[in-house]
Amino acid sequence: MTDSKYFTTTKKGEIFELKAELNSDKKEKKKEAVKKVIASMTVGKDVSALFPDVVNCMQTDNLELKKLVYLYLMNYAKSQPDMAIMAVNTFVKDCEDPNPLIRALAVRTMGCIRVDKITEYLCEPLRKCLKDEDPYVRKTAAVCVAKLHDINAQLVEDQGFLDTLKDLISDSNPMVVANAVAALSEIAESHPSSNLLDLNPQSINKLLTALNECTEWGQIFILDCLANYMPKDDREAQSICERVTPRLSHANSAVVLSAVKVLMKFMEMLSKDLDYYGTLLKKLAPPLVTLLSAEPELQYVALRNINLIVQKRPEILKHEMKVFFVKYNDPIYVKLEKLDIMIRLASQANIAQVLAELKEYATEVDVDFVRKAVRAIGRCAIKVEQSAERCVSTLLDLIQTKVNYVVQEAIVVIKDIFRKYPNKYESVIATLCENLDSLDEPEARAAMIWIVGEYAERIDNADELLESFLEGFHDESTQVQLQLLTAIVKLFLKKPTETQELVQQVLSLATQDSDNPDLRDRGYIYWRLLSTDPVAAKEVVLAEKPLISEETDLIEPTLLDELICYIGTLASVYHKPPSAFVEGSRGVVHKSLPPRTGSSESAESPDTAPSGVQAPEQPAVIPTQGDLLGDLLNLDLGPPVSGPPMATSSVQMGAVDLLGGGLDSLMGGGGSGGGSFAAPSTAAPANLAAPLGSGLGDLFDLTGGVGTLPGSYVAPKTVWLPAMKAKGLEISGTFSRQVGSISMDLVLTNKALQVMSDFAIQFNRNSFGLAPAAPLQVHAPLAPNQSVEISLPLNTVGSVMKMDPLNNLQVAVKNNIDVFYFSTLYPLHILFVEDGKMERQMFLATWKDIPNENEAQFQIKDCSLNADAISSKLQGSNIFTIAKRNVEGQDMLYQSLKLTNGIWVLAELRIQPSNPSFTLSLKCRAPEVAPYVFQAYETVLKN
Amino acid sequence: MGAAFGGPKHRLTVKSSEFLHMANYRCLFLINASGDIFLEKHWKSVVSRSVCDYFFEAQERASEAENVPPVIPTPHHYLLSVYRHKIFFVAVIQTEVPPLFVIEFLHRVVDTFQDYFGVCSEVMIKDNVVVVYEVLEEMLDNGFPLATESNILKELIKPPTILRTVVNTITGSTNVGDQLPTGQLSVVPWRRTGVKYTNNEAYFDVIEEIDAIIDKSGSTITAEIQGVIDACVKLTGMPDLTLSFMNPRLLDDVSFHPCVRFKRWESERILSFIPPDGNFRLLSYHVSAQNLVAIPVYVKHNISFRDGSSLGRFEITVGPKQTMGKTIEGVMVASQMPKGVLNMSLTPSQGTHIFDPVTKLLSWDVGKINPQKLPSLKGTMSLQAGASKPDENPTINLQFKIQQLAISGLKVNRLDMYGEKYKPFKGIKYMTKAGKFQVRT
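Keeping their order, the protein sequence lines are chains A and B. Numbering follows the UniProt record's numbering, in which position 557 of the first sequence is assigned residue number 557; successive positions increment by one, without gaps. Numbering follows the UniProt record's numbering, in which position 120 of the second sequence is assigned residue number 120; successive positions increment by one, without gaps.
For the record, the hints were derived by calculation from the structure and aren't laboratory data. Nothing here was measured: the structure is a model prediction, and the numbers come from that model. Keep in mind that a hint or two might mislead.
[To be verified] Not the full set, but computed from the structure, chain A residues with beta-carbon under 10 Å of chain B: (1) 196; (2) 246; (3) 328; (4) 860.
Ideal placement from N, C-alpha and C gives every residue a C-beta, glycine not left out.
Model the full assembly from the supplied sequences, consistent with the hints where possible.
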């Protein structure tokens, strides 16, 4: 007879039958019935209808029956709160039972019943249990406080349970201590400001003592709590480390990892000259290696953490490369993580082994893994300079296999190798060209085209190759099209005589036959450049490219330090600080590594300051958004605070520099370049007008100095992309409209340790087709702690997609580190065009014509301007007053405005002289814009 | 910048008020390989089982059950899972929590089930659903593990035996103990008091598994030994044991059962402990590649495909290498053949072999290796006509056992007992097995 019989009751009348059995006089029958109920519950059937009948069985001496009823109660009390009260008496009675097991069971179950009405009845029994003579009851009660806090925090505080809990940290029983710590940490996390776990050397000592004696799970709680403590000096840090180290030999991997966290954190405080420091480093390796022989799920979490640890302290595992070698039957998620760590550990000493392994992996079955292995070879070449040659020959071997995806992947990485080591491995180009036909993935095609364009002078038939791609130009993906355009222009600049026709062809394909604004704009710029001054074009297009940096995928140091504090948590698995996946960063305290103290401060660690820019003594704390905002405002008012002023001004010119530069060399150099070039006919200039105009605006702005040209209202800059979310790149900005052109005024600040370059920007499709009218030009690479201001001209000819909210703009910004995304709201008045003044007659007719249900009314409060002041102020933002009437002492203004996409909005503004609230009525054929127009009114009028 | 707008892949959102540090297990789902939820247990509040849809999605994406990622984010929860005995144990958590904590715990749950029911299978769990439920309730309270030592659990909830089921049915007594488990709060929480045996015995098994990757030419790329000492101790009272080794230096990377006194080990390299009652793992250790790891077998292979030919040659021979004179037995050879292989026609010199043309898995049960007459498997492979030769080379997976040998050379010196008067029977066994032992071709 097994429990499966409980599942076999017939569906029909099941509940009814159970009800009868539950009310049976026979104890045995009752118990069987409760078991059936529990069985149904386990498979997700709803048996809540039996609540009163099951609760009736609660008063029993039979412990098993009691437990089963408790199980049921925990599941269903919430759905039957009134019924649940029936159980209270029994709980209270059970809390007085002579058997500690029953007392503990009762207090444990009570805490799980999340019904407000019941909680107040629980306080007295709970208070008694917290002081129970039996530690088993005390430790259970400690957890119950946390449960109760989750239901009703105020009640727990009012009843003084928190103080009782704090007292339990000094309990004589280690299990009680561990549970009290666990409960307090849980409560503290929901109240980050509270000072619940007030750790001091005395309490730390108690925790360390309990650590040795409590269960493995208790050890995890205690270790995680210790990790939040900040030792007062290096000696205290060392003594805690010494007492934590034995945990590294624990069989429970979670204990081990929590211990690693404490050690990694406190190690920061130890001087590197200390013998103990070296000992500790040595002790950390074996437990990490051991984690890799655990079950695959544990391995995965361990590997994600090891990935952080090797970035922070590569010396720990530098001799352990082999344990990361991939076994062919490892789960794929383990394989990919191991591969990543292999690259991080790759060095001149072990590169031969690593390459041999990677080559082996490239012949495995799993396509994703094979691709990543091939990429890894490329990354090794870039990371370990001495091995580049070997990597390239390995890649060539792989290309010889002719396995399609291997070849494509290899070509993509070879492109990067070319960029890292220019003029070194071009001999392989011939081999690459042989595989041209087999490339069907955009990334590989783009890479190959880049190579052909870059080395056009060495490839005899470069023109033929590129021409062959050109045939299917419109079927290619954007990245291939862009690459092809650039490559052909490069080719033309290198071999002008033979390729004129080709370049004409690609320019017209890009500018006239394409809907893609990126492609079109790039086409126009090339076209203009080539037609005005080929010499300048050469300087721009064939300019020396900055070398690509060694490891682009390293975690930014401030983030890394923060993540080290979160070893073992989900944050460490996702390599994101908890604030990144918690809505609103309230409730999360940023953790940071302790600063190094101790005697030998002068002998600074070389690894914490690779670039030597940021003082390593500074604790790496990421400032909150508020602080940054404050800084920015200061910046706006005063002279630039950070970064040499040179950089600022040069970059402000950025938007026009391309053209300006061309102009300069035109005057100076004269046309000594090759073939003359026919300027594009009529199609081009029309579209070029917008960016040009904005360039002009910028020039005025520069010469004007302060930049108070009459124009529409410009809001102060706000932070759009905080540094924390973008690996150290901070972007703040605002929108402006001047002389008919819209621009996005940006400040880019580099808060990372490495130089940033290769900036680019792109907008997602949006409601009004806003798009950059020129590429994001940041000329000099952005050094750490430096800012640049950029005015990015915008046009409204991009692709349109309705957004919610309507004025939402999603932006992607790329630099040499990564691509980042943010979204921002633009004020609608930047879209109000200059010719938005409607004829009077037209206005009247239109107002009548638009149905009344399209009319929207708004109140503009607390505005003390008079009608004339309002008119002139609004006119500055292209809201035009057509007529003014005075009706019964009220001023009525009739106004019109037009959006860039041709939508007209008509307005009636009623102003009462004594009342600071105006009434705004808007009529528009597209009524959904009304609230945003209202916002624009408010913004303009109140600033 | 081409495809700039993919957006961040996982957007993890948890309401900040719910952001607690503790392991808040919301619930546990047990899911079989065909994707049916056959058991659910909720702790704080009931979470709809629809949350498992995210898991099913991941399950569908993964080519094999083993490849389902162990951590899956969903908009409001995280799903942490382990896959054992063809069952997914999926924990749903709502808050930041050390994932290892959860995964370790899940493994502990599986171990406990196995210990209770002999096997851990869907049928067995369904047959014992009430005990399962009671055990889970004892193991975890609101995210705080309560009792995870099977010693203690068995005092709280008695494991089902046929006899007890019969007796309970007749007498109406229960599976649930009504005494507080004695070990729960003592300084030796792993051991219950009042243990009595008529025969006092203590057995220790030193079991070593070799993980190795051997390359084409037969040289070792990596080799390491994962060793464990499993004990079965049935001793009356409160015995205090010490175990010493001939060569403790081998053990530089060890993980102990909580009963082992770490200080003693640090200073004297002696294992001193009061053992739990019954079966437990005393120690696990790791002998890494830096130390010399002897490789007891070799595989000679010749697997060749030729372009244009629809036949390939296949030949492997297995032989002993460094076995210290012991016999290698239980040898199994398995290899995943490339997709292009349609069938194989092979003749073994001993044992039996199977090739599954659907999964392309070749397995050969070799048995013992006789050094005088080495086992071999020879023949041809038929390939798809006209197809080019396969891209990948098959890897050979090897299993074997060697009795009475710890390949690392680890030897127990002596076992002493203090604290009790009787003379126990002591036994030590050694065994070496293949772990993940792979030969590339």
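Hint check:
1. With 10 Å as the threshold, the beta carbon of residue 196 of chain A stays out of range of chain B, its nearest partner Cβ sitting at about 12 Å, so the hint is violated.
2. Annotation: residue 246 of chain A was flagged as interfacial toward chain B, and the flag holds, the nearest CB pair being 4 Å apart, inside 10 Å.
3. Hint status for residue 328 of chain A relative to chain B: holds, with the closest Cβ pair at about 5 Å, below 10 Å.
4. At a threshold of 10 Å, the smallest CB-CB gap from residue 860 of chain A to chain B is about 35 Å, leaving the interface hint violated.
Checked against the numbered hints above, the structure breaks hints 1, 4 and satisfies the rest.
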